[in-house]
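Protein chains: 2
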Amino acid sequence: MQGDNHVTVLRLGHRPGRDERMTTHVGLTARALGADRVVMAGSASSRTDTVVDITDRFGGPFEVETTDEPKRLIRDFEGTVVHLTMYGEQIQDVEADIRAAHAEGPLLVVVGAEKVPFEVYERADYNVGVTSQPHSEVASLAVFLDRLYEGRELDREWEDPDRVVVPMETGKKVVDPNDREE
Amino acid sequence: MQGDNHVTVLRLGHRPGRDERMTTHVGLTARALGADRVVMAGSASSRTDTVVDITDRFGGPFEVETTDEPKRLIRDFEGTVVHLTMYGEQIQDVEADIRAAHAEGPLLVVVGAEKVPFEVYERADYNVGVTSQPHSEVASLAVFLDRLYEGRELDREWEDPDRVVVPMETGKKVVDPNDREE
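Which chain is which? The protein sequence lines are A and B, in order. So the numbering used here is basically just the index in the first sequence, starting at one, shifted up by 50. So the numbering used here is basically just the index in the second sequence, starting at one, shifted up by 50.
The hints are simulated quantities; they were obtained by calculation from the structure and are not laboratory data. Honestly, I wouldn't trust all of these hints.
Below are the DSSO-like pairs computed for lysine-lysine, each with C-alpha atoms no more than 27 Å apart in a straight line [to be verified]:
1) Lys222(B) / Lys222(A)
2) Lys223(B) / Lys165(B)
3) Lys222(B) / Lys223(A)
4) Lys223(B) / Lys165(A)
5) Lys121(A) / Lys222(B)
6) Lys223(A) / Lys223(B)
7) Lys223(B) / Lys222(A)
8) Lys222(B) / Lys165(A)
9) Lys121(A) / Lys223(B)
10) Lys165(A) / Lys222(A)
Where chain B lies over chain A, by a calculated footprint (3+ residues, C-beta under 8 Å) [stated by the list, open to error]:
11) 78 to 91
12) 118 to 131
13) 136 to 148
14) 154 to 166
Ranges between beta-carbon positions, derived for each pair [to be verified]:
15) Thr116(B) / Ala150(A): 40 to 48 Å
16) Glu172(B) / Arg122(A): 22 to 30 Å
17) Lys165(A) / Val225(B): 42 to 50 Å
Idealized CB from N, CA, C, for every residue including glycine.
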């Protein structure tokens, strides 16, 4: 997010035919909730289109990349590596430490899908569970980012949007941002 | 959640062949993050099995139901109705009011998928956006519940689990709860 150290979300490869939509939602959630970049690995690489399209229409900055070498990206990352897993330490116990690390440098947030290689657990500076219950990598990512930024991501400004949603009690209002500025 | 007024999550029908996994994740997220019940409507009704199975294995209480009449459920609900939508008021602006309403009575949280009928917007006491950006109903539900309970859901106790994950810095540890109590 602008004014903060960079946050990259790495989506590991998903099971083809099963998790395509989840991967798209990981990318969209990363963008909406303050991350700067999503990298989709292996089979997840096919899901970049929607995220690029939403960024074009609703604004950035937000980068969308793919990789065939996610393990190398994790191993060589210069910064703090967080791996979201239900087996990890509880978020309420480690979030303050992670915020402190993020104040010092960039963060890589690894989001799994199919079985995650043990090397990822070992390389991660923090294995973090949003509860120790099985639920959703999208839900975990969302709660993690909201707590990382302590809600500041909700006020994020978007550059160069073609359209802007105006919050309303009832109904839908979408405007051209040039009109809104008048 | 035990000790709080009931929270029901209603998942509206999804697009067949596209959002099955999202519906499962809505159900699992509702359970993990403190809701008491999920109701899956129409085409979403086929996705109850995984949520029931996880509740059997990891504990409850958590109810899983289906309905063919989601509009009636919303219309007749005796309590406060919240509809999560990117077009709604911003969560940071209304969450305190919703917490106050929840202190007084039960809450119904409506999560859409395909186009949501306008009646839902009209009946809802609060149309709430977790950002005004397109992302994920699972992410919105997760942030909403975490803020509703102000993090208390992370310490939720589970009754009658067959297995319990023990949080760890590295690796995976799953125990039989009877062993853990020794």
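Tested hints:
The suggested pairing of Lys222(B) with Lys222(A) is violated, with an alpha-carbon distance near 45 Å, which exceeds 27 Å. Restraint check: the Cα-Cα separation between Lys223(B) and Lys165(B) comes to about 42 Å, which exceeds 27 Å; the hinted pair is violated. Restraint check for Lys222(B) and Lys223(A): the C-alpha separation of about 47 Å exceeds 27 Å, so the hint is violated. Proposed proximity of Lys223(B) and Lys165(A) is supported: the alpha carbons are some 15 Å apart, at most 27 Å.
Proximity of Lys121(A) to Lys222(B) is assessed by CA-CA distance (about 19 Å); at most 27 Å being required, the pair is judged to hold. Proximity of Lys223(A) to Lys223(B) is assessed by CA-CA distance (about 48 Å); at most 27 Å being required, the pair is judged violated. The hinted pair formed by Lys223(B) and Lys222(A) fails the criterion: a straight-line CA distance of about 47 Å is larger than 27 Å. With a C-alpha separation of about 12 Å, the suggested pairing of Lys222(B) with Lys165(A) holds against the 27 Å cut-off.
Only pairs whose Cα atoms come within 27 Å are accepted, and Lys121(A) paired with Lys223(B) is accepted, the gap being roughly 23 Å. Restraint check for Lys165(A) and Lys222(A): the C-alpha separation of about 40 Å exceeds 27 Å, so the hint is violated. Requiring three or more residues with a Cβ within less than 8 Å of a Cβ of chain B, the coverage given for the segment 78 to 91 of chain A holds, as 5 such residues are present. Residue count for the segment 118 to 131 of chain A with a Cβ under 8 Å from a Cβ of chain B: 0. That is fewer than the three needed, and the coverage hint is violated.
Three residues within the 8 Å Cβ limit are the bar, and the segment 136 to 148 of chain A against chain B gives 8, so the coverage statement holds. Only residues whose C-beta sits within less than 8 Å of a C-beta in chain B count toward coverage, and the segment 154 to 166 of chain A has 0 of them, not enough to reach three; the restraint is violated. The beta-carbon spacing between Thr116(B) and Ala150(A), approximately 46 Å, falls within the hinted interval of 40 to 48 Å. Between Glu172(B) and Arg122(A) the C-beta distance comes to about 52 Å, which lies outside the given range of 22 to 30 Å.
At roughly 20 Å, the beta carbons of Lys165(A) and Val225(B) sit outside the given window of 42 to 50 Å.
Hint violations for this structure: numbers 1, 2, 3, 6, 7, 10, 12, 14, 16, 17, all remaining hints satisfied.
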